[in-house]
Amino acid sequence: MRQELDSDLGIKIGLEVHCQITSLRTKLFCSCPSNYRDYEPNSVICEICMGLPGSLPRLNAKVIESALKIALALNCEIPPVTNFFRKNYFYPDTPKNFQITQYDKAGGVPIAHNGFLDSWQGRVRIRRIQIEEDPGKLSYDGNIVTSPYALVDYNRAGIALTEIVTEPDLKNPRHAREFLFKLRSILEHIGVSDGSLEGAIRADANISLAGGKRVEIKNVSSFKEVDRALNFEITRQKRLPGGVMETRHWDEVRRVTVTLRVKEEEEGYRYFPEPDLSPVTVSRDLIDRLKAIMPELPDQRRARFVNEFKVSDEVAKIITSEKAMADFFEEVILLQYSPKIIGGWLAVDIPGYLKRRGLDFKEIGINPSHLAELAKELADGKINDNVAKSILMKILPVGESPRKYLEIENEMDEPSLREIVTRVFARNSGAVEEARHDPRVIDFLIGQGMKETRGRADHALLRKLISEKLSQESRSNQPKP
Amino acid sequence: MFDEIRNKVALNAYITVSKDQARVQAEKADPKRDARLTSVAIAVKDNISTAGIRTTCGSKLLEDYVPTYDAGVVSQIVDEGAIVVGKTNMDEFGMGSSTEFSAFGPTRNPYDESRVPGGSSGGSAAAVAAGIADVALGSDTGGSIRCPASFCGLVGLKPTYGLVSRFGLVAYGNSLEQIGPITKTVRETALLLDCITQKDPRDATSVGKGKAQYIEELDADIDGIRIGIPSDFFGPGTDGRVTKSVWKTIHALEEEGALVEETQVKSLKYSLPAYYIIAMSEASSNLARFDGLRYGLQDKKGARDWSSLFIRDRSDGFGSEVKRRIIMGTFALSAGYIDEFYLKAQRVRTIIRSEFEKLFKRFDALIGPTMPTLPFKVGEKTSDPLAMYMTDIDTVPANMAGLPAISVPCGSADSLPIGLQIMAPPFREDIIFKIGSMVEKISSWRSS
Numbered sequence: 001m002r003q004e005l006d007s008d009l010g011i012k013i014g015l016e017v018h019c020q021i022t023s024l025r026t027k028l029f030c031s032c033p034s035n036y037r038d039y040e041p042n043s044v045i046c047e048i049c050m051g052l053p054g055s056l057p058r059l060n061a062k063v064i065e066s067a068l069k070i071a072l073a074l075n076c077e078i079p080p081v082t083n084f085f086r087k088n089y090f091y092p093d094t095p096k097n098f099q100i101t102q103y104d105k106a107g108g109v110p111i112a113h114n115g116f117l118d119s120w121q122g123r124v125r126i127r128r129i130q131i132e133e134d135p136g137k138l139s140y141d142g143n144i145v146t147s148p149y150a151l152v153d154y155n156r157a158g159i160a161l162t163e164i165v166t167e168p169d170l171k172n173p174r175h176a177r178e179f180l181f182k183l184r185s186i187l188e189h190i191g192v193s194d195g196s197l198e199g200a201i202r203a204d205a206n207i208s209l210a211g212g213k214r215v216e217i218k219n220v221s222s223f224k225e226v227d228r229a230l231n232f233e234i235t236r237q238k239r240l241p242g243g244v245m246e247t248r249h250w251d252e253v254r255r256v257t258v259t260l261r262v263k264e265e266e267e268g269y270r271y272f273p274e275p276d277l278s279p280v281t282v283s284r285d286l287i288d289r290l291k292a293i294m295p296e297l298p299d300q301r302r303a304r305f306v307n308e309f310k311v312s313d314e315v316a317k318i319i320t321s322e323k324a325m326a327d328f329f330e331e332v333i334l335l336q337y338s339p340k341i342i343g344g345w346l347a348v349d350i351p352g353y354l355k356r357r358g359l360d361f362k363e364i365g366i367n368p369s370h371l372a373e374l375a376k377e378l379a380d381g382k383i384n385d386n387v388a389k390s391i392l393m394k395i396l397p398v399g400e401s402p403r404k405y406l407e408i409e410n411e412m413d414e415p416s417l418r419e420i421v422t423r424v425f426a427r428n429s430g431a432v433e434e435a436r437h438d439p440r441v442i443d444f445l446i447g448q449g450m451k452e453t454r455g456r457a458d459h460a461l462l463r464k465l466i467s468e469k470l471s472q473e474s475r476s477n478q479p480k481p
Numbered sequence: 001m002f003d004e005i006r007n008k009v010a011l012n013a014y015i016t017v018s019k020d021q022a023r024v025q026a027e028k029a030d031p032k033r034d035a036r037l038t039s040v041a042i043a044v045k046d047n048i049s050t051a052g053i054r055t056t057c058g059s060k061l062l063e064d065y066v067p068t069y070d071a072g073v074v075s076q077i078v079d080e081g082a083i084v085v086g087k088t089n090m091d092e093f094g095m096g097s098s099t100e101f102s103a104f105g106p107t108r109n110p111y112d113e114s115r116v117p118g119g120s121s122g123g124s125a126a127a128v129a130a131g132i133a134d135v136a137l138g139s140d141t142g143g144s145i146r147c148p149a150s151f152c153g154l155v156g157l158k159p160t161y162g163l164v165s166r167f168g169l170v171a172y173g174n175s176l177e178q179i180g181p182i183t184k185t186v187r188e189t190a191l192l193l194d195c196i197t198q199k200d201p202r203d204a205t206s207v208g209k210g211k212a213q214y215i216e217e218l219d220a221d222i223d224g225i226r227i228g229i230p231s232d233f234f235g236p237g238t239d240g241r242v243t244k245s246v247w248k249t250i251h252a253l254e255e256e257g258a259l260v261e262e263t264q265v266k267s268l269k270y271s272l273p274a275y276y277i278i279a280m281s282e283a284s285s286n287l288a289r290f291d292g293l294r295y296g297l298q299d300k301k302g303a304r305d306w307s308s309l310f311i312r313d314r315s316d317g318f319g320s321e322v323k324r325r326i327i328m329g330t331f332a333l334s335a336g337y338i339d340e341f342y343l344k345a346q347r348v349r350t351i352i353r354s355e356f357e358k359l360f361k362r363f364d365a366l367i368g369p370t371m372p373t374l375p376f377k378v379g380e381k382t383s384d385p386l387a388m389y390m391t392d393i394d395t396v397p398a399n400m401a402g403l404p405a406i407s408v409p410c411g412s413a414d415s416l417p418i419g420l421q422i423m424a425p426p427f428r429e430d431i432i433f434k435i436g437s438m439v440e441k442i443s444s445w446r447s448s
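As you go down the protein sequences, you meet chains A and B in turn. By this note's numbering, the letter at position 138 of the first sequence is numbered 138, and the numbering carries on one by one without gaps. By this note's numbering, the letter at position 137 of the second sequence is numbered 137, and the numbering carries on one by one without gaps.
Hints listed in this document are in silico derivations from the structure and should not be mistaken for laboratory results. Just to be clear, a hint being listed does not mean it is correct.
Calculated pairs, DSS-like style, for lysine-lysine (alpha carbon to alpha carbon, straight line, at most 30 Å) [stated by the list, open to error]:
| # | chain 1 | residue 1 | chain 2 | residue 2 |
| --- | --- | --- | --- | --- |
| 1 | A | Lys291 | A | Lys389 |
| 2 | A | Lys238 | A | Lys224 |
| 3 | A | Lys389 | A | Lys404 |
| 4 | A | Lys224 | A | Lys394 |
| 5 | A | Lys62 | A | Lys171 |
| 6 | B | Lys248 | B | Lys269 |
| 7 | A | Lys451 | A | Lys355 |
| 8 | A | Lys62 | A | Lys87 |
| 9 | B | Lys344 | A | Lys105 |
| 10 | B | Lys344 | A | Lys87 |
| 11 | A | Lys355 | A | Lys224 |
| 12 | A | Lys404 | A | Lys171 |
| 13 | B | Lys60 | B | Lys377 |
| 14 | B | Lys441 | B | Lys248 |
| 15 | A | Lys62 | B | Lys209 |
| 16 | B | Lys301 | A | Lys137 |
| 17 | B | Lys199 | A | Lys62 |
| 18 | A | Lys394 | A | Lys376 |
| 19 | B | Lys323 | A | Lys87 |
| 20 | A | Lys171 | A | Lys105 |
| 21 | A | Lys376 | A | Lys404 |
| 22 | A | Lys224 | A | Lys12 |
| 23 | A | Lys87 | B | Lys60 |
| 24 | A | Lys451 | A | Lys394 |
| 25 | B | Lys323 | A | Lys105 |
| 26 | B | Lys248 | A | Lys87 |
Owing to the predicted nature of the structure, the values given are computational and were not obtained by experimental measurement.
So that you can see chain B by itself, here it is in the shape it has in the complex:
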């Protein structure tokens, strides 16, 4: 595996390859033990803390930061016998949809190296798609697992908020995000999810799951399952090839017995702006701790006082997209504006939640495209932040409402993969796996 990683260094999927630690983990592994991930090579997004392996979040500010502890999910997968092969590239602190905003350079899409792998968990997706990791963990604040899964022809799941421990995940928008699997098949995603859903007492929002095993929900009958297709998910910015491929798959599901009905999510158009206000507001507070005083990049020349030290460390350490979001988030929480922005965005969030609640009385799941477009070219959207933000239009509602959502490959156009998104009610990942495994079976896409 490590030779292959070296051969594919041009993809820039990894920030850090943890060969020495992997050897230690492999030696410690007990083949006789009944572990579910024995010897599985796993790539971990670089915002998930790993004791003894640097965790940079794609930022210059944390270039040399080595955590003292393992994230909850890392302890769980290592306990199941998995081997962490490295830490994957990402948009700095998760802020981006293309893995171009990394202090360590952009990651390339294995299907076309002139294109982006999606983001922000682009390194994790590229590693799995290129075969330089068996499976990967990503994190999803507004689509950061599903977007790269879609662009790299993989399965990627954002679990229900609270299903997976966030302890050790370096926070971007902490009321929105979850850690989840990025794998080649629905089966692998279900297996990996089964291994990371222990309730974690260190995360007060962690609920965990009961005894049910998701892996047992695969290949089930979908006869009579009610699927809603919100027309709003096929907005004007949606590429016709994406629409065509997704609808083709929906019709195939109908043939398998699913009851399909078109519907609407009226609050969808407010979802994206409200999402960005909440995520940026939370980020402005979450990222305040990075001042260079206790860890991370510090100006060695010293400073006259603490505030000029903080200003210098943060000016040098953060990239421009991160600064943009911190400034906007700070503004949205400021005196005189909090009502108009942050509090209003929270009210929108409540409306979105209740609209989904109502929809899920009529439907078992909702389906649409994951991304409105095919993977775009490296550099195509970096100078147009709004165009970049718009690519998250279909993925953010799940984060706003705390719902589980998966991206499953459903087809391709010009040899580029297309992903289909399935959303379900909270803690009903079982429904997602049921439909997801059927999509996998009937779609023309086969991951290489």
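Pulled out of the complex, with its shape left as it was, chain A reads as follows:
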């Protein structure tokens, strides 16, 4: 239904994904440390990233390898020589009032172009990948339109970014989100960008409906927000057919987009080659060497999980959507080979828990041995599935071994369960009476028993014990002849 609606509307979504190369130790053009998040505002800056008069950029050569790894993972063509351009615009977060970036016209050659990434909803073409410097960060009191002031932190200025530009091949907001998660996992697998760091991967989206103008949405802070902002825009543009070509700002608090500026043409940026940086030659040797050391990518890993561990494709897809989760999975099954149990927990129960708490997978408290221990108990039939899950929920927040909970569970053996059945019978004499004539009421008694044990009892054992007791009692209660 939803799909049909989307295609009727002729939705076209393109993304510009900015990802910081967090694996670099220094900024793109100077030797300031790149872990700017650990510092007070405006404390990791120098004459170069502040653009002080007379300072010159010097390319951090390692960025080339990182960008090439991304290019290879996204099946791009890689030109033999790449160069840098200036994008001129006045804005307080840009210390030089121009950004050093790459360009694909007027003799500009970005590091890579013409790639693709296959997603469940089809192939998404990658128009180009370019290297550029991150601007500083502006903070407002409330929102950008009404704030009486803006604060600038230049710590982020000059951080190495790659911008990945897609063709408008994304069919709906959910598709955009799926693409972003997949891209993030790829970036993590090739080890260039840690998506769990705040602001490390940011997306601007552009969207048009059939017959309408293209609207760009900025300030989308997370993938969840991309989904929301795009859905808002679809609703807005449906009501306003035609519209104007413009750039809109996503207000996360009010969950609306507001006009930022009517879109200037690209040429308004007065792009021209950066005279202070020489063109960079990308040798065939370098590309071959990088290809040879290319790590396993999420799609390959997912296929391996299905073949090797016999988990379902859906489970494998979810687990490999985040490198940390996939790594965790492999560590656990190394300790306890129960891929299906562990896969289920990692694909369903743990993400559910993290979502409820608003946590990232990396903030999970437990370590692989904890999960292995729990899986072993379940695999050995010492506890049932429900018990295992309830223990899982207990150990997740504190990050402890399940041992102490397992010990309590082990006390829930047959003799203790018999006592519980006796207690249930005493409290529910009416139901016990009915159960003798109507077997369906037995389920009610089992339910009471489960409640008493807070779900920890083995269901089958409980049924067996209740049935036994019922038949025993009916025998003893039979009227004397």
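Based on these hints, arrange chain B on the given structure of chain A.
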């Protein structure tokens, strides 16, 4: 030296005299160390960054701007024992050929104070010519070292693009410019150049030089050296007295064994317009950072929003010539015009480069006048920007092609100096010094 500077304050050669810093440098100097510039008093153009000494670029906008770091060349000369005595006056951001477009007032020519010293490094040249600096550093985007050297009877060299670090030079046209020496003799220029040609990792376009010492190239034999004389360098705007003096020197070189032949640089007539388009385009971007937000002149009253703050700071801070060039450069890069102007100018540049490449297969060096005229009067050309731009006609080709070029005094007319320009292939400053020292020997000019 500082007393003499005070006595000659009317020249307006310095924007800032760094007496206190100079004393500290002099005390730190180790006389036993093997340094090549020990106790040499050096004047530094005010667009070259000096840590702790304000660097204004001749602009009101940077009136109180004090750099936190030294330019690459400043570190190198201080390391050689030189003492920075002050920062010299200049056309604002290097945009001018007379040192009249300075927020700190015009500099005067020591040979005739009613005349300009040339520009934009006019303060550096006036200081050396007046003896209130031993040597000086200037910068040359389209002739800004050679023009004032010529007008003040000095030697001034624009090195090959990439030979000298630009780190710390406040950019005007960054694909064109180099820092270089302005001195009384070719020997001093060679020595100072030897001291500033270390490859600087902070400038990605810096190549530096090998072990060769330019100072060893002086007084060499020029017998058999092939010199081309492009007739285009003696265009219709050239003063007859300049032509006469330059040719006289060329004939003298011939007598010393040089093989002289007249030739042509056909692309010369396109060189000046293309140069101004490129320089102004780059300038419009390079000067964008001066918005008053992080440093420099800022309207203390504050503004309603950032764009009105930027507009106010830039309107108040920049002089009219700078505004003219920013506006023209912005236009040349704009949508719909970039093909017609900036990109076309770059194509012209490629043509100029290849024409010089071809010429240097036939010649070891090219010679002509540095400036088409003698030093003009203060105020003579300030209201006619095109006439001012035209004075750069002979100097800009070297910047367009990245070639080394020197101005050496070759004579005088009415007690005003005349300069001769020698150009050589990239990184062949040795040829320039060889011929330059001979010109110095045979010419009638003696700097006072």
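These are the hints, each one checked on the structure:
1. At most 30 Å may separate the alpha-carbon atoms for a hinted pair to count; Lys291 (chain A) and Lys389 (chain A) exceed this at roughly 42 Å.
2. Proximity of Lys238 (chain A) to Lys224 (chain A) is assessed by CA-CA distance (about 22 Å); at most 30 Å being required, the pair is judged to hold.
3. Restraint check for Lys389 (chain A) and Lys404 (chain A): satisfied, since their Cα atoms lie roughly 15 Å apart, inside the 30 Å limit.
4. For the given pair, Lys224 (chain A) sits about 27 Å from Lys394 (chain A) by alpha-carbon distance, which is consistent with the 30 Å threshold.
5. This hinted pair does not check out: Lys62 (chain A) and Lys171 (chain A) have alpha carbons roughly 35 Å apart, beyond 30 Å.
6. Distance hint between Lys248 (chain B) and Lys269 (chain B) is fulfilled; the C-alpha atoms sit about 25 Å from each other, no more than 30 Å.
7. Under the criterion of a C-alpha separation no larger than 30 Å, the hint pairing Lys451 (chain A) with Lys355 (chain A) is consistent with the structure, at around 27 Å.
8. A hinted pair counts as satisfied when its Cα atoms are at most 30 Å apart, and Lys62 (chain A) with Lys87 (chain A) qualifies at roughly 23 Å.
9. The suggested pairing of Lys344 (chain B) with Lys105 (chain A) holds, with an alpha-carbon distance near 15 Å, which does not exceed 30 Å.
10. Taking the CA atoms of Lys344 (chain B) and Lys87 (chain A), the gap is about 20 Å. The hint holds against a cut of 30 Å.
11. Between Lys355 (chain A) and Lys224 (chain A) the CA atoms are separated by roughly 12 Å; this keeps the pair inside 30 Å, and the hint holds.
12. Restraint check for Lys404 (chain A) and Lys171 (chain A): not satisfied, since their Cα atoms lie roughly 50 Å apart, outside the 30 Å limit.
13. About 24 Å separates the Cα atoms of Lys60 (chain B) and Lys377 (chain B), which keeps this hinted pair within 30 Å; it holds.
14. Straight-line distance between C-alpha atoms of Lys441 (chain B) and Lys248 (chain B) comes to about 13 Å, which keeps the hinted pair within the 30 Å bound.
15. Among the hinted pairs, Lys62 (chain A) with Lys209 (chain B) is consistent with the structure: their alpha-carbon atoms are about 27 Å apart, no more than 30 Å.
16. With a C-alpha separation of about 25 Å, the suggested pair Lys301 (chain B) and Lys137 (chain A) falls inside the 30 Å cut-off, and the hint holds.
17. In summary, the hint linking Lys199 (chain B) to Lys62 (chain A) is supported, as the alpha carbons are separated by about 21 Å, within the 30 Å threshold.
18. Simply put, Lys394 (chain A) and Lys376 (chain A) have alpha-carbon atoms about 17 Å apart, close enough for the 30 Å limit, and the pair holds.
19. Between Lys323 (chain B) and Lys87 (chain A) the CA atoms are separated by roughly 20 Å; this keeps the pair inside 30 Å, and the hint holds.
20. This hinted pair checks out: Lys171 (chain A) and Lys105 (chain A) have alpha carbons roughly 28 Å apart, not beyond 30 Å.
21. Only pairs whose Cα atoms come within 30 Å are accepted, and Lys376 (chain A) paired with Lys404 (chain A) is accepted, the gap being roughly 15 Å.
22. Only pairs whose Cα atoms come within 30 Å are accepted, and Lys224 (chain A) paired with Lys12 (chain A) is accepted, the gap being roughly 19 Å.
23. At most 30 Å may separate the alpha-carbon atoms for a hinted pair to count; Lys87 (chain A) and Lys60 (chain B) meet this at roughly 27 Å.
24. Restraint check for Lys451 (chain A) and Lys394 (chain A): the C-alpha separation of about 18 Å stays at or below 30 Å, so the hint holds.
25. For the proposed pair Lys323 (chain B) and Lys105 (chain A), the alpha carbon gap of about 28 Å is at most 30 Å, so the pair holds.
26. With a C-alpha separation of about 51 Å, the suggested pair Lys248 (chain B) and Lys87 (chain A) falls outside the 30 Å cut-off, and the hint is violated.
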